[in-house]
Amino acid sequence: MSTDTVTRPVGRYAYDEVDRTFVSQRVAQFREQVGRRVAGDLTEDEFKPLRLMNGLYLQLHAYMLRVAVPYGMMGSDQMRELAHIARTYDRDYGHFTTRQNIQFNWIRLEDTPDILERLAGVNMHAIQTSGNCIRNVTCDEFAGAAADELLDPRIHAEILRQWSTLHPEFSFLPRKFKIAISGSPHDRVAARFHDIGLVAHPGPDGRPVFDVFVGGGLGRTPIIGVKLRDNLPEEDLLAYLEAVVRVYNAYGRRDNMYKARIKILVQALGVEQFREKVDAEFAQMNRADYRLEPAIVEGIRARFGIPDLDAPADAAQKLEADRKADARFDRWVRTNTHTHRHEGFISAVVSIKPDGGIPGDVTADQMDLIADLADAFSFGEIRVTHMQNVVLGHVRKDRLRDLWLRLDGAGLGTPNIGLVGDIIACPGLDYCALANARSIPIAQKLSARFANPELQENIGNLRINISGCINACGHHHAGHIGILGVDKRGEEFFQLTLGGSAENDVAIGQIIGPALPEDETVDAIARLIDTYLVLRHEGEAFIETYRRLGAASFKDAVYAPA
Amino acid sequence: MDVRNNRRDMTGASVITANRLLDGRIVWLAPQGWSEAISQARVFDNAAVEDAIKQAKAAADARTVVGIYGVQLDPDATQITPLTVRERIRAFGPSVHPDFAPVETPHVH
Numbered sequence: 001m002s003t004d005t006v007t008r009p010v011g012r013y014a015y016d017e018v019d020r021t022f023v024s025q026r027v028a029q030f031r032e033q034v035g036r037r038v039a040g041d042l043t044e045d046e047f048k049p050l051r052l053m054n055g056l057y058l059q060l061h062a063y064m065l066r067v068a069v070p071y072g073m074m075g076s077d078q079m080r081e082l083a084h085i086a087r088t089y090d091r092d093y094g095h096f097t098t099r100q101n102i103q104f105n106w107i108r109l110e111d112t113p114d115i116l117e118r119l120a121g122v123n124m125h126a127i128q129t130s131g132n133c134i135r136n137v138t139c140d141e142f143a144g145a146a147a148d149e150l151l152d153p154r155i156h157a158e159i160l161r162q163w164s165t166l167h168p169e170f171s172f173l174p175r176k177f178k179i180a181i182s183g184s185p186h187d188r189v190a191a192r193f194h195d196i197g198l199v200a201h202p203g204p205d206g207r208p209v210f211d212v213f214v215g216g217g218l219g220r221t222p223i224i225g226v227k228l229r230d231n232l233p234e235e236d237l238l239a240y241l242e243a244v245v246r247v248y249n250a251y252g253r254r255d256n257m258y259k260a261r262i263k264i265l266v267q268a269l270g271v272e273q274f275r276e277k278v279d280a281e282f283a284q285m286n287r288a289d290y291r292l293e294p295a296i297v298e299g300i301r302a303r304f305g306i307p308d309l310d311a312p313a314d315a316a317q318k319l320e321a322d323r324k325a326d327a328r329f330d331r332w333v334r335t336n337t338h339t340h341r342h343e344g345f346i347s348a349v350v351s352i353k354p355d356g357g358i359p360g361d362v363t364a365d366q367m368d369l370i371a372d373l374a375d376a377f378s379f380g381e382i383r384v385t386h387m388q389n390v391v392l393g394h395v396r397k398d399r400l401r402d403l404w405l406r407l408d409g410a411g412l413g414t415p416n417i418g419l420v421g422d423i424i425a426c427p428g429l430d431y432c433a434l435a436n437a438r439s440i441p442i443a444q445k446l447s448a449r450f451a452n453p454e455l456q457e458n459i460g461n462l463r464i465n466i467s468g469c470i471n472a473c474g475h476h477h478a479g480h481i482g483i484l485g486v487d488k489r490g491e492e493f494f495q496l497t498l499g500g501s502a503e504n505d506v507a508i509g510q511i512i513g514p515a516l517p518e519d520e521t522v523d524a525i526a527r528l529i530d531t532y533l534v535l536r537h538e539g540e541a542f543i544e545t546y547r548r549l550g551a552a553s554f555k556d557a558v559y560a561p562a
Numbered sequence: 001m002d003v004r005n006n007r008r009d010m011t012g013a014s015v016i017t018a019n020r021l022l023d024g025r026i027v028w029l030a031p032q033g034w035s036e037a038i039s040q041a042r043v044f045d046n047a048a049v050e051d052a053i054k055q056a057k058a059a060a061d062a063r064t065v066v067g068i069y070g071v072q073l074d075p076d077a078t079q080i081t082p083l084t085v086r087e088r089i090r091a092f093g094p095s096v097h098p099d100f101a102p103v104e105t106p107h108v109h
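Respectively, the protein sequence lines represent chains G and P.
Be aware that the first sequence starts at 1, since it is given in full-length UniProt numbering, and climbs by one per residue.
Be aware that the second sequence starts at 1, since it is given in full-length UniProt numbering, and climbs by one per residue.
Chain G extracted, bound-state conformation (with noise of 0.2 Å):
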């Protein structure tokens, strides 16, 4: 690691030389693959795999381009220049992913080229946004700023990043590998359904350890991950990760793709035997090697940015006066935000979900305001959630009308964090080759239809999620409803799951009967919520209701007859 004095960026890691000269020769390497393939000199065979690894799709309609967002954090520079991809190089959109990505879907492939050298400009890329290999690492939305985090992930979460970034071993796994690092006791990663999950917390003397959750994952097969390890000491985080993905890679199958992912393996031998094969892998490496000293996490932790958590005494009572005198802000505030550590300050969370709107879609307007608004409230930081939402992490008390003020005048206002409105969904039929069914459009029917606030807000917590195949993007099967789109015979059908969960009361949705055709799939929610809000008891939330009565009770409602 250099020691090059560089503005340090808040909640980020600055890049240094060697970072810098890496992204760039990668770029010079894909464009003279590019080169290769349009005049014919590797066949679409030869080039797939290597567009793959710069995150270069043939979907749908086009190319798709995903960009990698380390950990969910950018910056109003970077946010700025996905605005001019948008604008220049797409039909002025871009798509933030459940994996804390952003997707453009109208790339000519001509042009990637030049659109990863625009990003290397601002120290972005799209290496292992795609292929078998472990994909960008997930964080907390509100690491750094969270009043109940134990620890920053962050640090972690670039140091595995810096490790497995072009990884010799790890370019070819039996399949795709998603890692996720939480710092706090509630669990906002879906730490229990990663290939492996992440829980950091102080150790007895003060450096982090971490519980090891390995084996969940959605998708054809959803497994809740197993714990393997409790309270690994900080110094043996890589050696261990090492030798978790090593066993993968040597015992996950290769001959059939869907049962290649590391939770099959798990499943398959056992808990205890995948443990053992670890614990052995682990004890003949030389540890040495991989220890992670405190000197090299310090030295990582120094090129991130730290914001001057500087506000006036009464910054908390100003909040307090504008709530009073806003019923509309009010609202926002208590949907849209999270408590900050430090008295003075709050997290705001934006809706990319407006009313009827599609989630995660955002205008490349749109990206420049969220950008200005950084600037001018958040210290130039910006995070994306995997729910497909867009995070400041610090406000001032005191300006958080200002900040909600310029929001709403822009539709990026809407009230619905954690409410029906704020349904995850993946692209689906519209533009992904492999859905099955198309997500957005039933997101937008429901998000139309609850859209009234007072209605969400009486609902309450209330997560949806959509799916467009088996593959499970839209993470159904971790919705308190979840929907999966399923084709029969070229047409749309949607199959209800129930109860599941992503937090730390975690379990998989249980499907609740046959698949229902497009055109009766939004009024059949709309029954089972109208069911809910008639079945539950004071202050109780549609999953505990549905835990405590099961899935008969909302059976009727879903199937009845139109």
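Keep in mind that the hints were calculated from the coordinates and are not lab data.
Check the hints yourself; a few may be wrong.
What the hints assert, rightly or not - A few chain P residues that don't get close to chain G, going by computed Cβ distances all over 12 Å:
no.	residue
1	THR11
2	PRO31
3	GLN32
4	ARG42
5	ALA52
6	ILE53
7	GLN55
8	THR78
As the list claims (entries may be wrong) - Simulated crosslink set (DSSO-like; lysine-lysine; CA at most 30 Å straight-line):
no.	chain 1	residue 1	chain 2	residue 2
9	G	LYS48	P	LYS54
10	G	LYS227	G	LYS277
11	G	LYS318	P	LYS54
12	G	LYS227	G	LYS176
13	G	LYS488	P	LYS54
The model shown is predicted, which means the values in this text are computed figures rather than measured ones.
Using N, Cα and C, we set each Cβ at its ideal position, and we do this for glycine too.
Following the hints, complete the assembly by docking chain P onto the known chain G.
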């Protein structure tokens, strides 16, 4: 390419589609090359479409497109219309963005 996209009945008619290499856009095999407009597509009997797909893959301009396959048509439609939702979305654009629909101006190349 997923085989499910290339399924068809014994009877009926199909058109042939692909994505253009340079920009990824959807194209349809027309009498004189590949067109962005499905309305310009050449219609084959299903009995003949396999041979036509083979010929398209072997043709000199096959290098300019990727993923050539056949798309069964809706026999009840008055215009050239794919039978499945998936292929209708490919032909007419994302249902959630009518403004992104392919331009229906004939563009044969």
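How the hints compare with the structure:
| no. | hint | in the structure |
| --- | --- | --- |
| 1 | THR11 | 16 Å, holds |
| 2 | PRO31 | 24 Å, holds |
| 3 | GLN32 | 22 Å, holds |
| 4 | ARG42 | 21 Å, holds |
| 5 | ALA52 | 20 Å, holds |
| 6 | ILE53 | 16 Å, holds |
| 7 | GLN55 | 18 Å, holds |
| 8 | THR78 | 19 Å, holds |
| 9 | G:LYS48 <-> P:LYS54 | 21 Å, holds |
| 10 | G:LYS227 <-> G:LYS277 | 15 Å, holds |
| 11 | G:LYS318 <-> P:LYS54 | 72 Å, violated |
| 12 | G:LYS227 <-> G:LYS176 | 20 Å, holds |
| 13 | G:LYS488 <-> P:LYS54 | 28 Å, holds |
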